[in-house]
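Asks: Chains as they are written, first to last, in our numbering: chain B, 38 to 353; chain L, 38 to 353; chain F, 38 to 353; chain E, 38 to 353.
Derived by calculation from the structure, the hints in this document are not laboratory data. Among these hints, one or two may not hold up.
When chains are identical, the list treats them as one kind, so a pair holds in a single copy or across two.
Below are the DSSO-like pairs computed for lysine-lysine, each with C-alpha atoms no more than 30 Å apart in a straight line [claimed, not checked]:
(1) LYS46 <-> LYS218
(2) LYS342 <-> LYS215
(3) LYS218 <-> LYS326
(4) LYS54 <-> LYS326
(5) LYS326 <-> LYS349
(6) LYS342 <-> LYS61
(7) LYS61 <-> LYS77
(8) LYS218 <-> LYS342
(9) LYS215 <-> LYS333
(10) LYS54 <-> LYS349
(11) LYS77 <-> LYS326
4 protein chains.
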Amino acid sequence: MTLSEIYQKGAELLESKNLGFNLKGVETEFVLRNNEEVFKRYKFRQRAINSVEATTETRLLDVELQVPIIMSSITAPIPQIQQDGLLKVARALKEVGSMMSLGTPVPSNLKDLVEVGVPLIQTVKPFTDRSRVMQMISQAEAAGVSWVGVEVDAGQGTKIMDRPMVRDCTPMSVDELKEIKQRVTRPLVLKGILSPWDAERALEVGADVIVVSNHGAHTIDYLPHPLEVMDEIVRVIAGQIPIIVDGGFRRGTDVLKGLTFGAQAVGVGRPILYGLAADGEEGVKTVIKEMAEELKRAMTMTGVKSPASADKGIIL
Amino acid sequence: MTLSEIYQKGAELLESKNLGFNLKGVETEFVLRNNEEVFKRYKFRQRAINSVEATTETRLLDVELQVPIIMSSITAPIPQIQQDGLLKVARALKEVGSMMSLGTPVPSNLKDLVEVGVPLIQTVKPFTDRSRVMQMISQAEAAGVSWVGVEVDAGQGTKIMDRPMVRDCTPMSVDELKEIKQRVTRPLVLKGILSPWDAERALEVGADVIVVSNHGAHTIDYLPHPLEVMDEIVRVIAGQIPIIVDGGFRRGTDVLKGLTFGAQAVGVGRPILYGLAADGEEGVKTVIKEMAEELKRAMTMTGVKSPASADKGIIL
Amino acid sequence: MTLSEIYQKGAELLESKNLGFNLKGVETEFVLRNNEEVFKRYKFRQRAINSVEATTETRLLDVELQVPIIMSSITAPIPQIQQDGLLKVARALKEVGSMMSLGTPVPSNLKDLVEVGVPLIQTVKPFTDRSRVMQMISQAEAAGVSWVGVEVDAGQGTKIMDRPMVRDCTPMSVDELKEIKQRVTRPLVLKGILSPWDAERALEVGADVIVVSNHGAHTIDYLPHPLEVMDEIVRVIAGQIPIIVDGGFRRGTDVLKGLTFGAQAVGVGRPILYGLAADGEEGVKTVIKEMAEELKRAMTMTGVKSPASADKGIIL
Amino acid sequence: MTLSEIYQKGAELLESKNLGFNLKGVETEFVLRNNEEVFKRYKFRQRAINSVEATTETRLLDVELQVPIIMSSITAPIPQIQQDGLLKVARALKEVGSMMSLGTPVPSNLKDLVEVGVPLIQTVKPFTDRSRVMQMISQAEAAGVSWVGVEVDAGQGTKIMDRPMVRDCTPMSVDELKEIKQRVTRPLVLKGILSPWDAERALEVGADVIVVSNHGAHTIDYLPHPLEVMDEIVRVIAGQIPIIVDGGFRRGTDVLKGLTFGAQAVGVGRPILYGLAADGEEGVKTVIKEMAEELKRAMTMTGVKSPASADKGIIL
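Generate the whole structure from the sequences, applying the supplied hints.
Replies: Spelled out as structure tokens, the structure:
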């Protein structure tokens, strides 16, 4: 199956299993539509002559990746899509040299996923009951994940269309996040940074990685797309820590745009769900491999030798 | 019912009762479409870290509101939608801590509405027969409304599509408005300010409140949306009197945009009609409560603590 | 019938009589679509307070008009729409205080039209056989028209979609136009000015009036709308002669936009055809009267007292 | 048949012969849609007065053309559209005074095409097996083509939607291209220049002609349209060698836009396929003749006397 076929078949299958609601966006779904539209604003300046075959390999902190494309935090719908869905996703991502990211609830089989050997991130929502937050992080660390994180943008929980999904969340303060940072033994990711203010606070907290994200259109309506705010966030971060970006990335060319804007890697959520629904473990592998192949073609023809060397000079 | 369901069901019910015409716009309906489109231009800069739970409570002159969302002046279609429609709306708005605004004709049961205890505004059109204008205002004051007002933008009456609705109106002069101001005993609202020129004249008249509005697309075609002219009006008003804004506000995030542009409160018209049509008194309550809930979520996640502290810094 | 109803019914009737082709545009029909879109770019700054009832009366050279809306040059399809179509149009325009404009072929009953008493313009295409041009102009003058003119923009004839309509035309030189100017006894109109270059040449020729026009999308594809080039043309003309503008004007608010951009009057073509098709003489009268009524409402609410006093200050 | 009819009938016929896939674009088809949209951004400033009949004749290096419209490199689908398709295209282009361009594979009947007498360009892809590249060029020179060329933008082969078409290509270096330049006896075309960087390298190579092109949307997604990058490429080339442009040109007015942006000629691909499919040799002739006729009309009415004298002064 090609990428387009997987996306189409995956969407149909999720719909037929009554899981399509998970793909929708908060309230008016503006964020979801905007996540699609933004990519159409940017085109590539070609460098056809003197270019050489690009590599998609890169390094995120202590993690070696074959591709600068990782999974965005999702847990809930995956076991409903296919039996052993999380294990299948883990195996697929391991095989293609990617990274897996899990959200809440923390999967009960987290240790099994760790054993697959894929580098794992476990992120946690800012539940109003803060003891629950720290408990989940400790549980993930004990299971052996590579990184842990807090979804700071879920300070009012999550919501799809008019239906609140996760409740009982409260925004975190810098002090609370600092305390978490002091207690964790693995790199700390802050997910859901979407303004220079929050980027500054992430540095103040001592975060090891940030994810620039609008939470896949599942928190607040009328949030911008990450690419619309990357420039000012990149200026604040100034290369001190790696930046991951997610939000509507579907094609290798989208990934290249994310890299040129200053991200070190790109997260994908719905594509993983489509791949799993359409063709199980194989489908997830195909999604990442096809996106990587598209990325490599586009990198080569724009003269970008590696993910780390992409910059906005190739964007028109 | 959720907000989307109320809006959809309300629109269907109004259509089935042959009241759908009231929802249409003047001549080409440009204003109506533009009222929808404008909100899509503005996105929010998120402040996820260090933010605290927002309050939607505010004060407009002498009126305490639980929510910065009030009713825009409408009378005519309401009794046709449900029996005792005006009373139901009044009770609903009272319960959610909002404010009611009535247009012409002045309802015959105005005193009953006052007795419900909801703060009331009665606005009057600039009928060419000026004695009728003053008589209506006096009648409203006698009934005990909180504020009275003149719909200055109805100087050529109202019109829906190609059909004139209210005729026999003539623009008011500053002198005529000053005379009204001298005679009223309650705060005077000037509704339908849509340019800095008229804002200056409103101050000259001594207006206590202005409503920046294009009259819900029921006067002249090709009027801008209030948000397109707010900046220059806010500069003229310079905090001397409160500003209410209306025009196509449907969601809590729309309200937050109105507040950041410098309004102290936002008016909603059609949403009240949808709520009443879809679910009576309960429907109106749900509309205001759901919008307020959305507003509170968005305020919290953008670091806006109260309606009065919203500013354009959070708009992208 | 309202304006919308006339436009819709007229279009349907023309279609059913196989006359719909006349309404289409040259080649890709870009010009036709753009003629519609341009009006949506401009909105009005309202002046609701202190405004007074506007008048639509105006004067174009020696012609007194009740409305600043005149007919654009059309002849061919009118007799096919209704028997005595031209006479009916003439009578309607006379009654509403407008002006009639005829294109080629010069109608055989031109004298009858003159006798109706409506001020008449006869414009002629730049046929390669120049003697034919002068002959047509002399014939029109002899019949008693008010003004004569040359459609300078038909230098390559006319074309609708892929079908050439009028052939055998060649662009006119300044010298040729000067010679015509010397020989005519009535004011000379140059129709189809669409750039400052041609505006300069029109002054050089000694034209008495220009019509800024893209010929209703019937000459060359990808011509701009007149409003897109009015500013630079108005700068060249600098008030020395009157400017008429046409191209997609359908509503009174469109007319007001034309006036604010610096035109003294606005031409309408297809609306006349729709009116005639939908309701004969009465239909044409209704079109002009309804547009004038809309214009008057919009003028009054923007503080424009008369067509001559409109300026771009009211455009947003 | 008119141009519109040929385009429509041609598209239908290609679809019915299962050849429609060749017309689609790479991955998301953004490039294909953008190739259509770009032309709508540019309008013409008319010069109706003092203009004279334009000529479409021009010269490209040593080639005299009746029209500044040539064929873009295509080979593969043509023999499948009609028997002797390539011969028919060659004869048609010869008759209308145009130029033929062939891509890979090099047609087996190349000598027969040369004998038709149409000026011929043979371009070759940068196959990883470089000996194959030089062999193809030598074969074309031996057959007697006018010019030879390299499709430098096919450095990652070609791809339609999700299906790779031509594989085994690698970007060429300046040194490799210089070596080819030294060995060829005919003018060398570099096709697929789309940035000032590659334009500089083309000059360094000593190319005799460049084709600014996004390869008809068949290489990399999100490439810009040539008109979006022409200004900066024209600045680099600075008149030293001729520039051909292709990408979505369908109408004579599109061609005029290409010329005003600084191209000496415009290439068309899909229009040739449509013409051949719809009406064989006659269809191809009609396509070029109709485009040329439209071009001449538009040139005349914008005061452009010849292809070489077009400049951006007429673009609005």
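Asks: If a hint holds in the structure, say so; if it doesn't, say that too.
Replies: These are the hints, each one checked on the structure:
Taking CA atoms no more than 30 Å apart as the test, LYS46 paired with LYS218 passes in neither setting, with 42 Å inside one copy and 49 Å between copies. Within a single copy, LYS342 and LYS215 get their C-alpha atoms only as close as 37 Å, which misses the 30 Å cut-off; across copies the closest is 23 Å, which meets it. For the identical chains of this complex, LYS218 and LYS326 are neighbours neither inside a copy (34 Å) nor across copies (38 Å), given an alpha-carbon limit of 30 Å. Taking identical chains as interchangeable, the C-alpha atoms of LYS54 and LYS326 lie at most 30 Å apart only when both belong to the same chain, with a minimum of 26 Å there against 33 Å between chains.
With identical chains, the CA atoms of LYS326 and LYS349 are at most 30 Å apart within one copy only, with a shortest distance of 24 Å there and 43 Å across copies. Taking the closest pair of Cα atoms, LYS342 and LYS61 come within 30 Å of each other only across two copies (29 Å); inside a single copy the shortest separation is 36 Å, beyond that limit. Taking identical chains as interchangeable, the C-alpha atoms of LYS61 and LYS77 lie at most 30 Å apart whether they share a chain (21 Å) or sit on different chains (18 Å). In this assembly of identical chains, the alpha carbons of LYS218 and LYS342 lie at most 30 Å apart only when taken from different copies (27 Å versus 35 Å within one copy).
Proximity of LYS215 to LYS333 under the C-alpha cut-off of 30 Å is restricted to the inter-copy arrangement: shortest distance 27 Å between copies versus 39 Å within a copy. When the C-alpha separation of LYS54 and LYS349 is checked against a cutoff of 30 Å, the pair qualifies neither within a copy, at 41 Å, nor between copies, at 43 Å. Proximity of LYS77 and LYS326 under a CA criterion of 30 Å is satisfied intra-copy only: 23 Å inside one chain copy versus 35 Å between copies.
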